[in-house]
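Knowing the structure of chain A, use the given hints to seat chain B on it.
Listed below are the residues making up each chain.
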Amino acid sequence: MNNDLSLHAQFAKVWDNLPGWGQLAAVNHTSIARRFMLTGTVFFTIGGVLGMLIRTQLALPEQELISPDLYAQLFTMHGTIMMFLFAIPILEGAAMYLIPKMIGTRDLVFPRLSALGYYCYLFGGIIIMTSLLLGIAPDSGWFMYTPLSSAEFSSGPGSDFWLLGITFVEISAVSAGVELTVSILRTRAPGMSLSKMPIFCWYILAMALMIVFGFPPLILASILLELERAAGMPFFNPAAGGDPILWQHLFWLFGHPEVYIIFLPAAGIVSTIIPVFSGRPLVGYRWIVLAIITMGFISFGLWVHHMFTVGIPQLAQAFFSIASMLVAIPTSIQVFVWIATLWTGRVRFELPMLWMFGFLFIFVCGGLTGVMLALVPFDWQVHDTHFVVAHFHYVLIGGMLFPLIGGVYYWLPHLSGRMPTMHMGKWAFWLIFIGFNATFLMMHLTGLLGMPRRIVTYESGLGWDWLNMLSSFGSFIMACGFGMLMLDIILHFRYGQKAKFNPWQADTLEWATGTPPTSYNFLSLPTVNTRHPLWEEPELRSTISDGAHGLRSIYHGRRELYGTDAVTGKLLEVIHIPSHSWLPLLSALVLAGLCISLLSRAYEVAIAITVIATIFLFRWVWVNGAHKIIAPVTEEEDQRGEPKLHSRTMSGPGVWGMVVTLLSDGSLYLSLLFGWLYLWTVAPAGKVPDVSSVSISMMAISGAFLTTAVLLYRRIVKRLRAQIVQNLSRQFSLVFALGLLHLSSLLYLTTASDLSFKANAHDAALFVMLIFQIFHSAIATITTGLQVLRVRKGYISQILPYEPAVLNPFWLFTLSIFWVSFGSFLLVPKIW
Amino acid sequence: MKLINQHPWQYVAGWVIWAVWFVIAYGGLSVACQIAAPDPEQGLINWITVSSLTLTLIVVGYLVWCAVKSWTLLRVSSLEAKFTLQIATAVYIFAALGTLAIGLSLLLIVPCI
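Same order as they appear, the protein sequences are chains A and B.
Under numbering that gives the first Met the number 0, the first residue of the first sequence carries the number 0, and numbering increases by one thereafter.
Under numbering that gives the first Met the number 0, the first residue of the second sequence carries the number 0, and numbering increases by one thereafter.
This is chain B alone, in the form it adopts within the complex:
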């Protein structure tokens, strides 16, 4: 089965990925700060920021890829499937932007303070 298809799961898939990323980012940050908080003197270059940012960029990239795939599939689909895929494409784009917007705060604030 193709990862991007006309299944109604596509209505929410983008936001589900965002939600999983959000839980990992926020939960992971809390746990990481308890276990191995970096020295604030290190500034923005520390293991938490770098790993969180990497994860964020991977998720954003994946969501954008899903959006492109969904858009491509849209052009060869039936009327009802078109509706699903149009919503799905927009959801992937919105989720990517949401991930990026929240993730960019990693570039501005030192963690665990």
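Looking at chain A on its own, in the form it has when it is part of the complex:
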């Protein structure tokens, strides 16, 4: 490192992205988050244009501007884009941008995962959009109900585009969920205990965990439906023991929490902005934390309220009706906290606050119609009418978009270093606010008058004409507002006034990074003992920048963060994270190729691409820990007065990342188990074959190999913890050999079994379970094989015990699902 360079220049050299095309290899959270937000805005614009086309078609009765087929594609894609390609990714982008800065660290904890997530999102989005350009877009509605989306009624590739494209995009969402959870829990500034954490981080922690648990049911449902369409496995075909209602359960198990996944970060923005412009701390921080936790849980118990009309028993409907009303309580707690904060503060009416008031008005209205819809008899009356469309636009636009735009204006000086303009911003607000209410307030009335959703046109004289005209007129006013908003934001980058330090007098640490921020956020990492660091220690900005705090050395060339205790914020270790890498882009490209080959039913190509993808992903795993590119063992690391590097411990972020990923994996597995149980017990023609096609004794033998492998692996980890490392390579080799025996016996029994997976939904579910098990067993075995090589290379040793500690939970998970599957899929039906 050149000694003449200033400390800031030395940090920039290590942390900045590569120039030119090298930007594509960027993994830095600020760069990736900006890309998420920019791409989300592009998709929002496309989704908005589709919405305008819908409103143009509905402006007058009996119009024929758009054909019914195209109309079905338009409303399906409008919903799909807004929910999957705009709302979730843009909020994830905002969270990825803000979280490290708010918790006083330099980056997210798995930067390559951030980059992979972005590219999966981008390529998945492009694949879905391509279907629209080709005129073969999905047309079964954004929730893709079976049997409408099944091969019989949607024989074209539209549903396949949706199922494969959305699953691809969801890889991005789940990876962001894992990334954000571990980052918030393990990389907060020293001293920042959970009770001192900015309230926004609580919201994002809840959102991230909800993604981790909530997305897998839809991933599973998409896999099952694609298997039905492509391979004829009848999961949703009642004639073969399947059930179309299973799709609805799996979809809404994801779909309802998703509403709160979208709402929570937006509410986090509100809870951040209102105290700043009220000039006082948030009233009732604990109440908000309680409301967030409560909302996170209850939102998983409401999914059936989307299915009140499918013929569910009354008592079950009552359960979900009451649960749906209960969720109004944590929501109301938050609204009262915001009002109390405004009431007791000295409010400044800056531009972001306009959006906060717009949010409060619209969201409360949407919440009230939500309580109305929770009442079963009322829901029956307005089900599938424009009333429901109006309700969820009030909740989603009011509850998510208004706070998001307020947040954009609030953090705009942070992004660009320039202030927004009040004049154009006000115009944009009022156009959107008036246009929005004109559009969607009318839809409540058309809905109550009986206008169904998704109809391409309607007869005149039903009392809907003027309401639809006004609604369409309002949508054009709203579109003008969005046009003005975008123009305002674009112009501000050129003409906005230069922002001074902490222009809104905020309390949180992100404003100490400088505006716009450097690639490393903080030159030195401060200790934080308060919820309001910039209010109580305004000098932090200069002391951080002067290098007065921790982890200020960079001569080693590593990107480093502090790792702290998840609860107390006590300093534990130094986390080293990877620098720029082409692997995320290459892996995502290969996965996109896999997606396209599956779409075109070129299965030989898909197999070849899967092999390439596996090589890339294992290469990714290889370049880790003490690898020479990442953090080889050096003498300097013990002599600089900082804690140990995490790869020299057994509790680094990788262990946490593995556990959180397995929570998601477990949610997928439980969804499969639920699906199988549902088909067995509830599906009209569901039954288990009298004789199992899978050899139970062979399965038990395979399980015995697996159990021995796991016990041995745990012993290795235990001995490593006790610093005993004799015959490490031989022991890993033994686990690898046992894993191979288990895997080969499992493969044999799967291929030798006589499963009628095209004729019987139960056998199809059993087949998916076996593939799921094989997938996990293969990963555990191959990775252990790699660990044999890594021991020989010196990447695992007495001083480098980290990697076995990371893989250990995966082996345990593999073992657990094996025996649970054995018991439930094979033994219980035999005993029953």
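No lab work stands behind these hints: they were computed from the structure.
Since the structure is predicted, the reported quantities are computational estimates derived from the model, not experimental observations.
Hints are not guaranteed to be accurate.
Calculated from the model, a selection of chain B residues having no Cβ within reach of chain A, i.e. all distances over 12 Å [claimed, not checked]:
# : residue
1 : 2
2 : 3
3 : 40
4 : 53
5 : 57
6 : 64
7 : 78
8 : 81
In silico PhoX-like cross-links for lysine-lysine, where the CA-CA straight-line distance does not exceed 25 Å [claimed, not checked]:
#  : chain 1 : residue 1 : chain 2 : residue 2
9  : B       : 1         : B       : 68
10 : A       : 757       : B       : 68
11 : A       : 643       : B       : 1
12 : A       : 757       : A       : 12
13 : A       : 569       : A       : 643
14 : A       : 757       : A       : 829
15 : B       : 81        : B       : 1
16 : A       : 497       : B       : 68
17 : A       : 569       : A       : 12
C-beta atoms are modelled at their ideal positions from N, C-alpha and C, and glycine is treated no differently.
Just chain B, lined up with the frame of chain A:
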């Protein structure tokens, strides 16, 4: 180890118990109605209602007990632990009320119709 302590698990324990109860109540109801649906003529006094209500009352009682324990521990805890236990106590109370509110529908509606 004490059941109620200062571990961060306490932040969510109440709602996890509620979630398990909810899954058992809803899932159990669906399966029970498939296997041995009671005669609607029996009204509210039938094996599904009685067993579901018993389970509900046990869960509510347990959640209330957890809330009391958590509140008791709160008074002798450090500042950081106090935060955890305050949230935990409220979560147990909310979860108990949530369980009771949903469970009370058992007193009003005959199952399996």
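Here is how each hint holds up against the structure:
1. 2: holds (19 Å)
2. 3: holds (16 Å)
3. 40: Residue 40 (chain B) is indeed farther than 12 Å from all Cβ atoms of chain A, at 16 Å.
4. 53: Holds: least Cβ distance 16 Å, greater than 12 Å.
5. 57: holds (17 Å)
6. 64: Since the minimum Cβ distance to chain A is about 19 Å, residue 64 (chain B) lies beyond 12 Å and the statement holds.
7. 78: It is violated; residue 78 (chain B) is separated from chain A by about 8 Å at its closest Cβ, not greater than 12 Å.
8. 81: Violated, because the least Cβ-Cβ distance between residue 81 (chain B) and chain A comes to about 9 Å, which does not exceed 12 Å.
9. B:1 <-> B:68: Roughly 10 Å between the alpha carbons, so the hint for residue 1 (chain B) and residue 68 (chain B) holds.
10. A:757 <-> B:68: Roughly 54 Å between the alpha carbons, so the hint for residue 757 (chain A) and residue 68 (chain B) is violated.
11. A:643 <-> B:1: violated (33 Å)
12. A:757 <-> A:12: violated (58 Å)
13. A:569 <-> A:643: holds (14 Å)
14. A:757 <-> A:829: holds (22 Å)
15. B:81 <-> B:1: Given that 25 Å is the threshold and the Cα spacing comes to 16 Å, the pair holds.
16. A:497 <-> B:68: violated (55 Å)
17. A:569 <-> A:12: Judged against 25 Å, a Cα distance of about 29 Å means the pair is violated.
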